[in-house]
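Asks: Mapping the sequence shown onto the UniProt record's numbering, position 102 (from 1) lands on 102, and the numbers just tick up by one.
Honestly, the hints are just simulated from the structure, not real lab data.
Beta carbons: idealized from backbone N, C-alpha and C, even for Gly.
Careful: at least some of the hints might be erroneous.
Mimicking DSSO-like on lysine-lysine, the simulated pairs with C-alpha atoms at most 30 Å apart in a straight line are [claimed, not checked]:
#1 229 / 145
#2 229 / 253
#3 253 / 241
#4 229 / 244
#5 44 / 29
#6 241 / 267
#7 254 / 241
#8 73 / 44
#9 229 / 141
#10 193 / 145
#11 241 / 229
#12 244 / 254
#13 29 / 193
#14 267 / 244
#15 267 / 254
#16 253 / 267
Pair ranges (Cβ atoms, derived) [stated by the list, open to error]:
#17 126 / 91: 19 to 27 Å
#18 72 / 268: 48 to 56 Å
#19 147 / 268: 26 to 34 Å
#20 68 / 192: 33 to 41 Å
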Amino acid sequence: MADFGSLFIVPTPIGNLEDITLRAIRTLKEVDLIAAEDTRHSQKLLQHFAISTRLISLHDHNESQRATQLIEKLQQGTNIALISDAGTPLISDPGYGLVNQCRANNVEVIPLPGPCAAITALSGAGLATDRFRFEGFLPAKQQAKAQVLESIERETATSVFYESPRRVADTLQAIVDVLGCERRVVLAKELSKAFETFYSGSAGEALQWLHADSNHQRGEFVLMVAGHKMDVNDIPEEALKLLKLLMAELPPKKAAAVVAQQYGLKKNTLYQMGLAFDQ
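Please construct the entire structure, taking both the sequences and the accompanying hints into account.
Replies: Written out as C-alpha cells, the structure reads:
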C-alpha cells in the first residue's frame with residue numbers, strides 16, 4: 001500500500017465559484033488525474049482556476065468499467081481526484097463503486113470537506129436539524145414516489161430531497177396527497193447563485209407558489225419536509241409506562257433519554273411529556 005496512489009474526493013461549487021476551497025484547488029492541481037462526471041462541464045471549472053490536470057470521465061453509465069481501470073492506476077502509484085458536476089461526489093452522484101473498490105483493495109481514500117446542496121439548504125431552512133433524513137431524488141413513477149413519502153409520514157426528523165425543475169410541482173402534489181396540505185415544507189433553489197430562493201410554508205401553499213409563476217419552477221431544488229409532530233397518541237403505551245417508572249428514580253432528562261433510546265423516539269418529546277406527568 002505504501003507505493004499506492006490515493007483517491008481524493010473533492011467537492012466543487014454548487015453555484016458560486018468562490019465556494020471552492022484552497023485545499024480543493026491545490027489538490028486538483030497536484031493529482032495526476034481527475035475523474036469527472038462530465039468532462040466538458042468540469043473543464044470550464046478547471047480553466048477558471050488555471051488547472052491543467054488531465055480529465056477522465058466517470059459517470060453512471062461507465063462507472064463499473066472505469067472503476068476497475070482507475071483502481072489499477074491507483075495501485076501503480078497514480079493519485080486521482082474524483083469530482084462531480086457540482087457539490088460533494090457520491091451524494092446523489094456517481095462514485096460509490098469506485099470508493100467501495102478502493103476500500104476493498106486497501107487504496108487510501110481522502111475526502112475533502114466542501115459544498116453540498118443538501119447541507120447548505122438545511123442550514124438555512126429554519127427546520128429542525130438535530131436529526132434529518134436524506135433521501136436524494138424521489139422516484140419518477142408516481143406509485144414508487146408515494147411509497148417513499150408514505151415511509152416518512154410519521155418520521156419525526158426533517159426529510160431532505162433533491163428535485164428537478166420539471167418534476168418539482170408533481171412532487172409537491174404528491175406530498176399534499178400523501179402527507180396532507182398542512183405539512184410544512186421548505187423549497188430551496190438556485191443555492192449560492194444570483195437568484196437563490198427559499199420558500200417556506202405548508203405543502204399546499206408551496207404548491208400554489210410554484211404554480212403562481214413559471215419562474216418559480218426554474219432551477220435545481222432541495223425540498224425539505226418538516227418531521228411529524230408527535231403527541232401522546234403516537235407514543236407506545238409501554239414506552240409511557242417505562243417513562244413514568246424511570247421518572248420515579250431518575251431526573252426527567254435522563255429518564256427521557258433512556259426511553260428514547262429504547263424505543264427510537266425523540267428525547268425532547270418524551271421529556272416534555274414527563275414534565276406533564278407532574279402537573
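Asks: For the pair supplied as a hint, residue 254 and residue 241, is the alpha-carbon distance within the 30 Å limit?
Replies: Roughly 15 Å between the alpha carbons, so the hint for residue 254 and residue 241 holds.
Asks: Within 30 Å, alpha carbon to alpha carbon, are residue 229 and residue 145?
Replies: holds (22 Å)
Asks: Do the beta carbons of residue 147 and residue 268 sit within 26 to 34 Å of each other?
Replies: Roughly 29 Å apart at Cβ, these two residues keep to the hinted range, so it holds.
Asks: Can the suggested window of 33 to 41 Å be confirmed for the beta-carbon pair residue 68 and residue 192?
Replies: Between residue 68 and residue 192, where Cβ atoms are some 35 Å apart, the hint holds.
Asks: Does the alpha-carbon distance linking residue 29 and residue 193 stay inside the 30 Å limit?
Replies: Distance ~25 Å between residue 29 and residue 193 Cα, so the pair holds.
Asks: Starting from the hint 48 to 56 Å, judge whether the C-beta atoms of residue 72 and residue 268 obey it.
Replies: At 51 Å between Cβs, range holds.
Asks: Need the status of pair residue 193, residue 145: alpha-carbon distance at most 30 Å?
Replies: Between residue 193 and residue 145 the Cα gap is close to 29 Å, so the pair holds against 30 Å.
Asks: Has the given pair, residue 44 with residue 29, been kept, meaning a C-alpha gap of at most 30 Å?
Replies: holds (15 Å)
Asks: Does the hinted range 19 to 27 Å hold for residue 126 and residue 91 at CB?
Replies: Because 22 Å falls inside the window, the suggested range holds.
Asks: Could you grab the alpha-carbon distance between residue 267 and residue 244 and see if it respects the 30 Å cut-off?
Replies: Given that 30 Å is the threshold and the Cα spacing comes to 14 Å, the pair holds.
Asks: When you check the alpha-carbon spacing of residue 241 and residue 267, does it fall within 30 Å?
Replies: The given pair, whose Cα atoms are some 15 Å apart, holds under the 30 Å limit.
Asks: Is residue 73 close enough to residue 44, meaning Cα to Cα at most 30 Å?
Replies: holds (25 Å)
In this structure, every one of the numbered hints holds.
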